[in-house]
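S.K.: So you can see what is in the structure, the chains are spelled out below.
2 protein chains.
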Amino acid sequence: MIRKLTILGPGLLGGSIGMAARQRKVAGKVVMWARRLEAADQAFTLGAADEAGNDLRQAVAEADLIVLATPIGAMQALAGQIAPLVSPACVVTDVGSVKYPIVTALSALFPKFVGSHPMAGSEQAGIEAARRDLFDNAACIVTPTAETDKAALQLVHDFWKQIGCQVRTLPPEQHDEIVARISHLPHVVAAAVVNVVCSDGAHPLNFVGPGFKDFSRIASGPPEMWTEICQQNRQEIGRALELLIEELGKLRTALTNNDGVELKTMLKRAKHYRDELRFRV
Amino acid sequence: MIRKLTILGPGLLGGSIGMAARQRKVAGKVVMWARRLEAADQAFTLGAADEAGNDLRQAVAEADLIVLATPIGAMQALAGQIAPLVSPACVVTDVGSVKYPIVTALSALFPKFVGSHPMAGSEQAGIEAARRDLFDNAACIVTPTAETDKAALQLVHDFWKQIGCQVRTLPPEQHDEIVARISHLPHVVAAAVVNVVCSDGAHPLNFVGPGFKDFSRIASGPPEMWTEICQQNRQEIGRALELLIEELGKLRTALTNNDGVELKTMLKRAKHYRDELRFRV
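For the record, the sequence lines run as chains S and C. Residue numbers for the first sequence follow the numbering used here, so the first one is 1 and each next one is one higher. Residue numbers for the second sequence follow the numbering used here, so the first one is 1001 and each next one is one higher.
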């Protein structure tokens, strides 16, 4: 039973976690901490917490579960700040999109740390966009290591499930490799395509249909947050990008050769896999 | 006034055109022609036509407007077949995704030909997916040349508008260049990313969120149709692909150098343009 849940950072994810946790009565009390008092007040007003403030010591004291929900660039410094204030019995998790560096650093600070990555809400930002149903059926990947405390893992697993997520488990390294392909690569590619489309100005946007809108939606995500994600996971994204450049080179050759057989093979293969998604979360 | 509207090809687009035209009373009579009688019967049963059959001569006789709605690979052969049967007063248009080759070939066959490209319904196919509201607020690009008959252009323009489209005008060459960037490039890129994601099997699809689903939806489009589109517009798609490979190369370098400034510049630029789409069709 989580008596006190503390969320650090009232952004889109932190705010939505607070709203969902309160609605679903996942914890006896939901506390929100924000660096700025106005942000804490706003989170409280929007129903994302039972208590909110900017006193870090007070926020983490006697918490059973702490969720670090700041941008990943700020996470390690904040973790260092709270480490001396947190009881060894407290379970700590985070919402970062890159796991290996965070899990490595934070496991050294908190005996009951479990890395998490709820996959929701990529192109919006800020508590204004927070919704208590943001996690309904969203995938959440938890990333234990061999050293992870089993009871803490169970608590974090159940927490995300109660919030509405479909929980999956992956080791941190594998998480970063897979997420580089399914999330970070599409993000930078959508951005690159938008830049190519608009390389002579925004005029072509007058002609786009729903396909382009859906394809490019993720390119509206917050650039600061995505820059941090790209930098933290640069090796795996780089590897995925190399595979993609290779694949696009083959496509370029098939077009030059007017090779309908090769083009159809590539498009069929992609359709085969993409169609599988109809039956998944 | 269109007394007789004839649609050749009861697929997703042809079927939806028939449904919309009947509902909005755009023509006195909507006639559907299909190569196979069963397909014509199905179109009639689904409400896509007042009359349907597989007799080409009967279908095009005394038509005021003929819409060629077959896949682009079959279009030129069909146009050649109907050319001797069509009255010189009849306006002819098409729905092909590539315009320069079609406009060039069909303008030589029909004195009142006007090229069209309604941008709707990319990932589905077949009359089963047809809807009478498919064109509501969809962009439709008409592609006149200096030689296009002005009255025919007006009729085709008004026709798409009455069907529900937001009509835009572009010369055929410029259409192919812009659509290569906003539609054909995203399509092949989404397919290539899916292939990279699944290069070791479909396992990573277990972890995708809504961002990847939206980004990759177009990769479910019919491979035969898209192979034809790619082949017909291979020069412009090739050019766009080269620009993209160059852009992705810069991104690769920025990742290797852990260059946050360059990454943020690229992501900001893309967000700036993508955010403009919120205010457009």
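Misleading hints may appear alongside valid ones.
Cβ pair distances, simulated, as ranges [unchecked claim]:
1) C/Gly-1047 with S/Lys-25: 46 to 52 Å
2) S/Lys-25 with C/Ala-1129: 57 to 63 Å
3) S/Gln-81 with C/Thr-1253: 30 to 36 Å
4) C/Gly-1249 with S/Asn-54: 43 to 49 Å
No lab work stands behind these hints: they were computed from the structure. None of the values given here were measured: they were computed from a predicted structure. Positions of the beta carbon are idealized from the N, C-alpha and C atoms, including for glycine.
S.K.: Hint compliance check: list the failing hint numbers for this structure, sorted ascending.
M.R.: Violated hint (a single one): 2; every other hint is consistent with the structure.
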